[in-house]
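Once you've looked at the hints, dock chain B with the ligands against the given chain A.
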Amino acid sequence: MEPIIKVSNLTAKFDSTTILSNINIEIFPKQITVILGKSGCGKTTLLKNILKLYTPSAGTVEMFGQDITKMDEESLETILQKIGMLFQNGALLNSLDIYNNIRIPLEQHTNLPDEVIDRMISAKLKLVGLENAEKMLPSELSGGMKKRAALARAMILDPNILFCDEPSAGLDPVTSANLDKLLLKLKKQLNMTLVIVTHELASIHRIADHIIFLENGKVGFSGKLAAVMQSNNSDIKNFFASGKF
Amino acid sequence: MKTKYILPESLDKNSVPQVYEQCSKNEDLLYLDFSRVVSIDSAGVALVDYLKNKIPQLQLLNISDSITETMQTFKTELVPETDSRKENYFERIGEKTVEFAKSFKEALFLTADISFWSFISIFNRKGHRKGAVVQQSLLIGVDTLGIISLLSIILGLIIALQSAAQLRQFGANIFIADLIAIAMVREVGPMMTAIILAGRSGSAIASEIATMKVTEELDALRMMAINPVRYVMVPKFSAITICMPFLVIWSTAIGILGGLVIAVFYLDLSVTAYMTEIFEVLTLKDILVGLSKSIIFAWVIVIIGSYFGLNVEGGAEGVGKVTTKSVVVSIFMVIFFDVIFSLLYLGG
Ligand SMILES: Nc1ncnc2c1ncn2[C@@H]1O[C@H](COP(=O)(O)OP(=O)(O)OP(=O)(O)O)[C@@H](O)[C@H]1O
Ligand SMILES: [Mg+2]
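As you go down the protein sequences, you meet chains A and B in turn. If you count the first sequence from 1, position 244 lands on 243 in numbering that gives the first Met the number 0, and the numbers rise without skipping. If you count the second sequence from 1, position 205 lands on 204 in numbering that gives the first Met the number 0, and the numbers rise without skipping.
I should point out that these hints are in silico values taken from the structure, not numbers from a laboratory. Certain hints may be false.
DSBU-like, lysine-lysine: derived pairs with alpha carbons at most 35 Å apart [claimed, not checked]:
id : chain 1 : residue 1 : chain 2 : residue 2
1  : A       : K37       : B       : K51
2  : B       : K129      : A       : K184
3  : A       : K29       : B       : K212
4  : B       : K3        : B       : K51
Computed from a predicted model, the values in this text were never measured in an experiment.
Okay, chain A solo, but in the shape it has when bound (with noise of 0.2 Å):
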């Protein structure tokens, strides 16, 4: 299978502090890839050298086949179309209420009708438990609920790939269990690849098709969810059996 993200050789430093080194990784089609790591250990970092947030110091990063590093900004902003990102805080703009949030990338990439758009942001904030919030302010939002309905502006398009940072963190067992089950009704019915920063242990155990650990800056693991587990590196170890570091 041909990987739809292969990230190559990716450096990143912050002034003279280097976060993260000489990083391979691959990530495949239709499957959650799950990133684990310390706090503090540069997993934001990665997720945004990969999507040209941050400019990597080294390294090339493809998505669907092509180098994004050194691409123009038209043809990166097609490809940015279809990908979704929810921040590790959401980052909703918060001089809009959620129902114009949400609305942002269907007013500026489609030509939907009114009609269309309105059903579809309901849908989606009914996806993520969210029904009566569309004339709220992020300010007005609880942290997991702001976290929701930034997921819900995230897939708002259906994009092909999904990152989420963090998407479980705050949120209660059983809103974060139906969270999960939205993430792989995603995968399952729209074939849509996740890339998921998460530390919560139950997660892992029922979204993860591949796990990527992060030590030191460098890749620890790279494997499917069963090989980590025989894993006989101390920090994972200690991961699965803590539950959280």
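Just chain B with the ligands now, with coordinates in the frame of chain A:
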């Protein structure tokens, strides 16, 4: 002095200052007696660690297990300071110069970007939210109209009053109209409007964009394949370009009205004489120069606000810093461009 110090019953943040006082003065201190200590907190641990570090041969006596446990938990180790070499004066000047050149280049790129997309947006409305320009125009207009009116009338009054006494000496009363007209149209109107706009709208632009940057809203837009310059900055740019001429005309008119008050009540001119003189002395060129420079001022304010907003560093406190900076710099640049305009139209 005694070599042994008996620690109090509870060595916590309340008793530590006193213990510190006594122990650090005591040159001969060799033993810390814990026999009375029943509780210790992290401040106490830090003090003991500090003393151990200061007096290598210091011994701890009669220490209980639970205290030892707490001491383990809060064990302090100072991270050794990495000694950074001090830069000399010339290095700092060099660095600042390079930095300045870099930010100048970035600001130019941003200007090009904003101008390009503003031009495009005249033909193609995609790229920003429906109604964003109208909303921004209202915000800028409503925000500043009151204060501009107030200051314009006051300035009109002051300028007229200051010159009235002089003009009266020569019986040149009617020239008050010429003076006010030229001053308001060419200088005071555009300049004062620009300075108020820099203070109110420029700072709002800088802080809004900086906040969007630190809360990753701009990154989020980027991920939705939306150009943040087009989505966020262009509507502000268009709005201020539309508003500025109206505000300047308004401010000028009000200023002239202020002059009228003095002309009528202090210089005994008639309203018609004053107004006729005003319209006689003003040329189309004066008005056009005043308006065109006010539009340049408006652009300077938006671009500087956006530039500082985009270059925010750190979190919430960074937002405050760049906001202040943007106001200072844009007022400075407004005056700078005013000088250039004055030189260009010297004698004209
Ligand atoms: N803007 C920045 N400037 C400088 N250093 C940064 C910046 N952002 C992150 N870092 C550093 O990069 C490292 C990795 O941060 P990152 O946010 O990627 O961690 P993470 O794995 O996502 O952690 P968490 O699980 O807590 O979200 C951290 O050591 C952090 O100090
Ligand atoms: Mg993170």
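Run through the hints listed earlier and report the numbers of any the structure violates, in increasing order. When the structure is compared with the hints, none of them turns out to be violated.
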